[in-house]
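Enquirer: Here's the letter readout for the chains.
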Amino acid sequence: EPEVTQTPSHQVTQMGQEVILRCVPISNHLYFYWYRQILGQKVEFLVSFYNNEISEKSEIFDDQFSVERPDGSNFTLKIRSTKLEDSAMYFCASSEGRRNQPQHFGDGTRLSIL
Amino acid sequence: ILNVEQSPQSLHVQEGDSTNFTCSFPSSNFYALHWYRWETAKSPEALFVMTLNGDEKKKGRISATLNTKEGYSYLYIKGSQPEDSATYLCASMNYGGSQGNLIFGKGTKLSVKP
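Taken in order, these protein sequences are the chains called A and B. Residues 1 to 114 in my numbering are what the first sequence spells out, letter by letter. Residues 1 to 114 in my numbering are what the second sequence spells out, letter by letter.
Treat the hints with caution; some may be incorrect.
In silico DSS-like pairs for lysine-lysine, Cα to Cα no more than 27 Å straight-line [stated by the list, open to error]:
1. B/K42 with A/K57
2. B/K109 with A/K42
3. B/K113 with A/K42
4. A/K57 with B/K106
5. B/K42 with A/K78
6. B/K58 with A/K42
7. A/K42 with B/K42
8. B/K106 with A/K83
9. B/K106 with A/K78
10. A/K42 with B/K59
11. B/K69 with A/K42
Derived by calculation from the structure, the hints in this document are not laboratory data. Computed from a predicted model, the values in this text were never measured in an experiment.
Construct the complete structure from the given sequences, taking the supplied hints into account.
Expert: Structure follows, in structure tokens:
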């Protein structure tokens, strides 16, 4: 069964450094998402992406964050200047349709900011 | 701000017991309710997507119901098995500003003892 893959599984970065999290969504899916879960808290929506542009973003997704689909397969999340509070598990997801289709999640990238 | 609540937070049952847990969500501008099963160190796995009031869905021993007027959904597991041990997440999707993104509850962590 096709799956969403994320790399790396764990990223340790110094505060202030840039980090890029990578995702390969399921190939025939059209909608892509990033979520994060800070330890002990709820999974939170960051951004959705469709037709090569952001379709929606949350308040968390400020100017430090950006997303890109650089080629036909990868979907990346960049954090420009990381802060301690960016430490979290970051999940990529994709879906065929937007609302009434399930979202398929990757295994996540654990980001630790030192 | 939309808030999705799940109860109980955790549940310990014996193998063979049937169990259920609750997800409550804002009923205004409701579009869809998603249930996910999340095993430790794996990605959340989609169980159900429900949109209509009175919807009932079933997958093996797991079933779910939806009441959109009062804003709740129940997830039932019949004859729990140790492999059912996981965190069960529900997530609401609404019309308006949150088109396509999921608002998650904190999850119910189920432990099934052999």
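Enquirer: Now tell me if each hint is right for this structure.
Expert: For each hint, the structure was consulted:
no.: 1; hint: B/K42 with A/K57; verdict: 25 Å, holds
no.: 2; hint: B/K109 with A/K42; verdict: 13 Å, holds
no.: 3; hint: B/K113 with A/K42; verdict: 26 Å, holds
no.: 4; hint: A/K57 with B/K106; verdict: 21 Å, holds
no.: 5; hint: B/K42 with A/K78; verdict: 23 Å, holds
no.: 6; hint: B/K58 with A/K42; verdict: 26 Å, holds
no.: 7; hint: A/K42 with B/K42; verdict: 17 Å, holds
no.: 8; hint: B/K106 with A/K83; verdict: 24 Å, holds
no.: 9; hint: B/K106 with A/K78; verdict: 26 Å, holds
no.: 10; hint: A/K42 with B/K59; verdict: 25 Å, holds
no.: 11; hint: B/K69 with A/K42; verdict: 24 Å, holds
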